Amino acid sequence: MNIGVGLPNTTPGGDGPLLVEWARRADAGPFSSLAVLDRIAYGGVEPFVALAAAAGTTERARLATMVAAGPLRPTALLAKQAASVHALSQGRLTLGLAVGARAEDFEATGVEYRTRGRRLDEQLAYLRGDVDADRVGPARDGIELLVGGGSGQAYARMARYADGYAHGGGPPRAFAGAAARANAAWRDLGRPGRPSLWGQGYFALGDVERGNAYLRDYYAFTGPFAERVVAANLTSPRAIKDFVRGYEQEGCDELVLFPTVADIDEVDRLAEVVA
Amino acid sequence: MNVAILGGGPAGLYLALLLKNAGLADDVRVVERNAPDATFGWGVVFSEETLGALRDADPETHLAITDTFARWDRLDIHYRGRLLSSRGHSFSAIARTRLLAILQERCRSLGVRLEFGRELADPALLAEEADLVVAADGANSASRHSREQAFGTSVEPEGCKYVWFGTDLVFDAFTFIFRETEHGFFQVHAYPFDEHASTFIVECPEPVWRRAGLDRLGEEESLAFCETLFAAELDGHRLLSNRSLWLDFPKVQNRVWHDGRLVLVGDAAHTAHFSIGSGTKLAMEDSIALANALLRRRGNLDAALVDYELERQPVVERFQQAASESAAYFGRVASYRHLEPIQFAFNLLTRSGRITHASLTVRDPGFTRVLDAWFAEEQRPRVAPPPMFAPLRLAGRTFPNRVVVADEGAGGGAGLVLSEVVAVSAEGRTTPECRVLEDDSLAEEVAAAHEAGALFGLQLGHAGRRGATQPRSRGVDVPLFDGWPLVSASPVPYGPFSAVPAELDEDGMVAVRADFAAASGRAAAMGVDVLELDFAHGYLLASFLSPLSNRRDDAYGGTLARRLRFPLSVLDAVRDVWPEDAVLAVRLSVTDWARGGLDVDDGIAVAQAMREHGCDLVHTVAGQTVAGDRPEYRRGFLTGLSDRVRAEARVPTLVGGYLTTPDEVNTIVASGRADLCILDLPPSPLERELGAPREGSDGLLLVESGG
Numbered sequence: 001m002n003i004g005v006g007l008p009n010t011t012p013g014g015d016g017p018l019l020v021e022w023a024r025r026a027d028a029g030p031f032s033s034l035a036v037l038d039r040i041a042y043g044g045v046e047p048f049v050a051l052a053a054a055a056g057t058t059e060r061a062r063l064a065t066m067v068a069a070g071p072l073r074p075t076a077l078l079a080k081q082a083a084s085v086h087a088l089s090q091g092r093l094t095l096g097l098a099v100g101a102r103a104e105d106f107e108a109t110g111v112e113y114r115t116r117g118r119r120l121d122e123q124l125a126y127l128r129g130d131v132d133a134d135r136v137g138p139a140r141d142g143i144e145l146l147v148g149g150g151s152g153q154a155y156a157r158m159a160r161y162a163d164g165y166a167h168g169g170g171p172p173r174a175f176a177g178a179a180a181r182a183n184a185a186w187r188d189l190g191r192p193g194r195p196s197l198w199g200q201g202y203f204a205l206g207d208v209e210r211g212n213a214y215l216r217d218y219y220a221f222t223g224p225f226a227e228r229v230v231a232a233n234l235t236s237p238r239a240i241k242d243f244v245r246g247y248e249q250e251g252c253d254e255l256v257l258f259p260t261v262a263d264i265d266e267v268d269r270l271a272e273v274v275a
Numbered sequence: 276m277n278v279a280i281l282g283g284g285p286a287g288l289y290l291a292l293l294l295k296n297a298g299l300a301d302d303v304r305v306v307e308r309n310a311p312d313a314t315f316g317w318g319v320v321f322s323e324e325t326l327g328a329l330r331d332a333d334p335e336t337h338l339a340i341t342d343t344f345a346r347w348d349r350l351d352i353h354y355r356g357r358l359l360s361s362r363g364h365s366f367s368a369i370a371r372t373r374l375l376a377i378l379q380e381r382c383r384s385l386g387v388r389l390e391f392g393r394e395l396a397d398p399a400l401l402a403e404e405a406d407l408v409v410a411a412d413g414a415n416s417a418s419r420h421s422r423e424q425a426f427g428t429s430v431e432p433e434g435c436k437y438v439w440f441g442t443d444l445v446f447d448a449f450t451f452i453f454r455e456t457e458h459g460f461f462q463v464h465a466y467p468f469d470e471h472a473s474t475f476i477v478e479c480p481e482p483v484w485r486r487a488g489l490d491r492l493g494e495e496e497s498l499a500f501c502e503t504l505f506a507a508e509l510d511g512h513r514l515l516s517n518r519s520l521w522l523d524f525p526k527v528q529n530r531v532w533h534d535g536r537l538v539l540v541g542d543a544a545h546t547a548h549f550s551i552g553s554g555t556k557l558a559m560e561d562s563i564a565l566a567n568a569l570l571r572r573r574g575n576l577d578a579a580l581v582d583y584e585l586e587r588q589p590v591v592e593r594f595q596q597a598a599s600e601s602a603a604y605f606g607r608v609a610s611y612r613h614l615e616p617i618q619f620a621f622n623l624l625t626r627s628g629r630i631t632h633a634s635l636t637v638r639d640p641g642f643t644r645v646l647d648a649w650f651a652e653e654q655r656p657r658v659a660p661p662p663m664f665a666p667l668r669l670a671g672r673t674f675p676n677r678v679v680v681a682d683e684g685a686g687g688g689a690g691l692v693l694s695e696v697v698a699v700s701a702e703g704r705t706t707p708e709c710r711v712l713e714d715d716s717l718a719e720e721v722a723a724a725h726e727a728g729a730l731f732g733l734q735l736g737h738a739g740r741r742g743a744t745q746p747r748s749r750g751v752d753v754p755l756f757d758g759w760p761l762v763s764a765s766p767v768p769y770g771p772f773s774a775v776p777a778e779l780d781e782d783g784m785v786a787v788r789a790d791f792a793a794a795s796g797r798a799a800a801m802g803v804d805v806l807e808l809d810f811a812h813g814y815l816l817a818s819f820l821s822p823l824s825n826r827r828d829d830a831y832g833g834t835l836a837r838r839l840r841f842p843l844s845v846l847d848a849v850r851d852v853w854p855e856d857a858v859l860a861v862r863l864s865v866t867d868w869a870r871g872g873l874d875v876d877d878g879i880a881v882a883q884a885m886r887e888h889g890c891d892l893v894h895t896v897a898g899q900t901v902a903g904d905r906p907e908y909r910r911g912f913l914t915g916l917s918d919r920v921r922a923e924a925r926v927p928t929l930v931g932g933y934l935t936t937p938d939e940v941n942t943i944v945a946s947g948r949a950d951l952c953i954l955d956l957p958p959s960p961l962e963r964e965l966g967a968p969r970e971g972s973d974g975l976l977l978v979e980s981g982g
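If you're matching them up, the sequences are chains C and D in order. Here the numbering used here is used: the first residue of the first sequence is 1, the next is one more, and so on. Here the numbering used here is used: the first residue of the second sequence is 276, the next is one more, and so on.
To be clear, the hints were calculated from the coordinates, so they are not data collected in a lab. The structure presented is a predicted model; accordingly, all values stated were derived computationally and were not measured. Where a beta carbon is used, it is the ideal one built from N, C-alpha and C, also for glycine. Keep in mind that a hint or two might mislead.
[Said to hold, decoys possible] The calculated label-pair distances, taken between Cβ atoms and stated as ranges, are: (1) Ala633/D <-> Asp268/C: 42 to 52 angstroms; (2) Glu107/C <-> Glu404/D: 38 to 48 angstroms; (3) Arg486/D <-> Glu107/C: 53 to 63 angstroms; (4) Ala101/C <-> Arg826/D: 26 to 36 angstroms.
Put together the whole structure using the sequences plus the hints.
Structure representation (structure tokens):
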């Protein structure tokens, strides 16, 4: 199993110099990927823009959206943004997409919430089918596609169009259940081989309370679920090691650990724990 | 901390005494609407595992409870005049009134304030004087009602109509009784709970209940009806009523279990159908988990309530899933009445997915030995193979075992090697890589399968509107830029950017039928043992079956009989040329998993029509009729559908659905849920390790010198 680290692109204090230095240290460290989150009606840097900045200061790590809410962007623009990051990073983009959960992001972009599933299907078919690729460059060849979401439709969408599944977080046992569903969908759609399985978790190794406060704010839209996300924040080396071991046992291919505090020392702290 | 608990059932009382005993609360009061000795129901059941948890949580009540327990490890099944027993199912039960008395006494001695006969106050009022308010007031929780929005409550009836009696007959095992009447099937769940009495629950599906006139009978008449019906088993004993009325079981679910300082426990938070006997167990385990969370997170109530939910919800979800499977099983148990007693019993034991062939072998090796021998159809064998390795005789062929492999390079050992779908014509291909059946295209594969001791199965299909797509390594239903013209039942494209197919006209039907027949003839000539025609997943023949893809107003659209007309004509044409001594199978989506599409009842009707037209085996799949369907993926997600098709259309079935272990296959085939199973074998790190030894790993331990 590979381990990646999140860029603090939605975390307060994640300014330009920090993101660039964060990416540089991660690329020099034991991490195989750098991943970003996607929020519109919230502070922080747009995911593709953040990855573009990271592309300039990294050489090795894959650059991933974990995940981006596809339907918030017009399809051709989404393809253009993704392909641009892919070109800037010389072929290192992993594009994780899901329908998007936050109603206020849809309000802010003027996109209809109700039909977002159908729109994501179209976007995936557009990306995978190289539709309009003669007009809308750069080339999309080799963009690794992941799909996230917990519904049967999400798993079907993943198996139909993508290369793998992006899990939304939770204890290893929850990931195991999702992995079985992803594999079942993959077989059901008659895809050869197996889907690539990505997992994720949050960590804070320094100022834990600051990390928890960020999670409470970021997930406020889920109501009481926010406290659950806080409860799952990995706040000690032992908790991280247990989590990593659990995910590895359940067949995860790439586990991304997202920071909850935009403090540059967090990259080094995490690197020390997972090295 | 001051705690107010609404409801003086097992969950509320147990929580009260745990909190008080651990010194977690200064003041604990339990407010109960009824009198202390009011009782509903008779006995409650605990497993050994639950007893261990109760012992650890409070040894004193554990001692008092186990002192008065009825215990058994046998399960008796009365079916078709036979009594089948299975051992190793350790359970205990106690009279509900006795349990409550023990808990009340312990509460009193610890200084819990018990307030009986008090109407439940508004939780908002209680919250003014309490730091934590606990809703332990049952499935119909009054304190939950006011905030159902916040809790995300859903309450749905599940399972049969049931009535909860007692009896002065003391059973010496957990007892199931199945009784067929002119109205339909009735069944009994009975178990002893002390040395004087047993619980005796009678249930039947609602239509049976109405046909028997039970909807019009009063309490006493209804009791008399049941006493007469089960007179033989009651053996002169009486049924006892305790306001025993026919009920629907409410399945209660809550998305979240706490809102501010109000927290749900027990039935107020969740119910699990009584047929797996876990309601009281889950309720008391909630109390233990909540007390532990409050201890662990002392001073941080919010964190404690989140911990409690995180710990309990996954456990409860698993039990609710199993309980719903069990409730549904008892609702359709009449459809299994053709099963031989030993298979009927095994099907019953494995109904909720919690007991499998392997776990039953640990509990009761004698049972599975007899089951395996019966399944292998041997005459009084001393030793029989596990069900997965029992041969299957079907339409003149013998499958050496029940395992089907569908992927290439899987190695030997399977009973059937199933090809990828091969097209009947170039227009009917899914992708440019998809093969078209030529005269000799399969000769080598057939020979290789036979060489390995397996039968060879060919999947034969026409892609219809899902044709002309890019290779599956890239994705599915991703259209080619330079495809070929598509046909389907109606001119409706399959997915985004898919080409609009032409409506298949009469000439086209004649041609497709001829293509299928000709390909079948070639397959027979090549020695194919199983021919599987593709009537599934929205491909050409399936597109006629579903109203979502068939919008025709000619003789081939409209009612199910008309939608079946063309697909059945293809089956007939193939049956004419396909040998009698080889297997003719169809792959069928038995539900569309989409609004307005085929449901399982329709799918079973289609399977029945296929059987009547000479199909020997139904490969049961689901969905993909339309791209936007709502599939229900999980391990073994097709098993339940195969079970229903096999039982209700009475046709042998083949099923996949991501089965990855021999235990799943043993359980499925021995219980009669399918005849053949596709086994998916995930790669194991052990294989990697054993297949390619690392350098230097010659059995010596290489110790690196530290630096």
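Each hint tested on the structure:
no.	hint	result
1	Ala633/D <-> Asp268/C: 42 to 52 angstroms	holds (48 angstroms)
2	Glu107/C <-> Glu404/D: 38 to 48 angstroms	holds (42 angstroms)
3	Arg486/D <-> Glu107/C: 53 to 63 angstroms	holds (54 angstroms)
4	Ala101/C <-> Arg826/D: 26 to 36 angstroms	holds (35 angstroms)
Hint compliance for this structure: every hint is met.
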